[in-house]
Amino acid sequence: EAQVTQNPRYLITVTGKKLTVTCSQNMNHEYMSWYRQDPGLGLRQIYYSMNVEVTDKGDVPEGYKVSRKEKRNFPLILESPSPNQTSLYFCASSILSSGLAGTDTQYFGPGTRLTVL
Amino acid sequence: GIQVEQSPPDLILQEGANSTLRCNFSDSVNNLQWFHQNPWGQLINLFYIPSGTKQNGRLSATTVATERYSLLYISSSQTTDSGVYFCAVRDDKIIFGKGTRLHILP
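Each protein sequence line maps, in turn, to chains A and B. For what it's worth, the numbering used here labels the leading residue of the first sequence as -5, then goes sequentially. For what it's worth, the numbering used here labels the leading residue of the second sequence as 9, then goes sequentially.
Everything labelled a hint here was simulated from the structure, so no lab data went into it. Some hints here could point you the wrong way.
[Stated by the list, open to error] Straight-line C-alpha distance at most 25 Å; calculated DSS-like pairs for lysine-lysine:
#1 Lys51(A) <-> Lys12(A)
#2 Lys51(A) <-> Lys101(B)
#3 Lys63(A) <-> Lys51(A)
#4 Lys101(B) <-> Lys59(A)
#5 Lys62(B) <-> Lys106(B)
#6 Lys65(A) <-> Lys12(A)
#7 Lys63(A) <-> Lys12(A)
#8 Lys11(A) <-> Lys59(A)
#9 Lys12(A) <-> Lys59(A)
#10 Lys51(A) <-> Lys65(A)
#11 Lys65(A) <-> Lys101(B)
#12 Lys101(B) <-> Lys63(A)
#13 Lys11(A) <-> Lys63(A)
#14 Lys51(A) <-> Lys106(B)
#15 Lys11(A) <-> Lys51(A)
Extracted from the complex, chain A is given alone in its bound form:
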């Protein structure tokens, strides 16, 4: 079954304790990205990657790191989490086509609800 998986689904942690949220897709997609969703602000892109070893900042990258060492995995790292990073996080993947000619539909993982105390 084609899917994007994220782990953990729920996490409560304390300020400053490093954490990693994993994301994996089995569709051989080139494009992967992370979003955070906050009330009233919608979904905002944190980082994205167009292929292995290629990552770029989205709109809200501060306080986050990512890596793309394999095509299927795109972990999100919070080196020193703070309470303002409490949010719902989504990972997504898609093929990378030339827009009109392609069907680069994004597929989302189930979300990770993070609380930083």
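Starting from the structure of chain A, add chain B where the hints point.
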């Protein structure tokens, strides 16, 4: 960067009613998607529609790229249509609108 605006922000309808949701974007794009986020938080693809019209059951979408807007039509609404509807465009980065929250009353 590209701005994406959705309207209306909130919509309350009786079951069986029809609705039109709008997505305006500030620059030309060649990638536009509509999503539904159900009450459990799951994001579900509805349409990938950079231009033209597509239909899937009671839902259809039209994008007029030259005029920089897209419309999502929901006919004969059901309570399971409740949730938030997002449009998103891609220009390397992906930009989401803030969504339309739809509540269908039984």
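Against the structure, the hints:
Between Lys51(A) and Lys12(A) the CA atoms are separated by roughly 20 Å; this keeps the pair inside 25 Å, and the hint holds. Taken as a hint, the Lys51(A) and Lys101(B) pair is honoured in the structure, with Cα atoms around 8 Å apart against an allowance of 25 Å. Among the hinted pairs, Lys63(A) with Lys51(A) is consistent with the structure: their alpha-carbon atoms are about 17 Å apart, no more than 25 Å. At roughly 16 Å between alpha-carbon atoms, Lys101(B) and Lys59(A) fall within 25 Å of each other, so this suggested pair holds.
The suggested pairing of Lys62(B) with Lys106(B) holds, with an alpha-carbon distance near 23 Å, which does not exceed 25 Å. Between Lys65(A) and Lys12(A), the direct Cα distance comes to roughly 24 Å. Compliance with the 25 Å bound is thereby established for this hinted pair. Distance check on the hinted pair: Lys63(A) and Lys12(A) sit about 20 Å apart at the alpha-carbon level, within 25 Å; holds. A hinted pair counts as satisfied when its Cα atoms are at most 25 Å apart, and Lys11(A) with Lys59(A) qualifies at roughly 14 Å.
In summary, the hint linking Lys12(A) to Lys59(A) is supported, as the alpha carbons are separated by about 11 Å, within the 25 Å threshold. For a cut-off of 25 Å, the pair hint linking Lys51(A) to Lys65(A) stands: about 18 Å separates their Cα positions. At most 25 Å may separate the alpha-carbon atoms for a hinted pair to count; Lys65(A) and Lys101(B) meet this at roughly 18 Å. Note on Lys101(B) and Lys63(A): the hinted pairing holds, with a Cα-Cα distance of about 20 Å set against a maximum of 25 Å.
Between Lys11(A) and Lys63(A) the alpha-carbon distance is near 23 Å, which keeps this suggested pair within the 25 Å criterion. Our distance criterion of 25 Å between C-alpha atoms is met by Lys51(A) and Lys106(B), whose separation comes to about 20 Å. Among the hinted pairs, Lys11(A) with Lys51(A) is consistent with the structure: their alpha-carbon atoms are about 23 Å apart, no more than 25 Å.
Violated hints: none; the structure is consistent with every hint.
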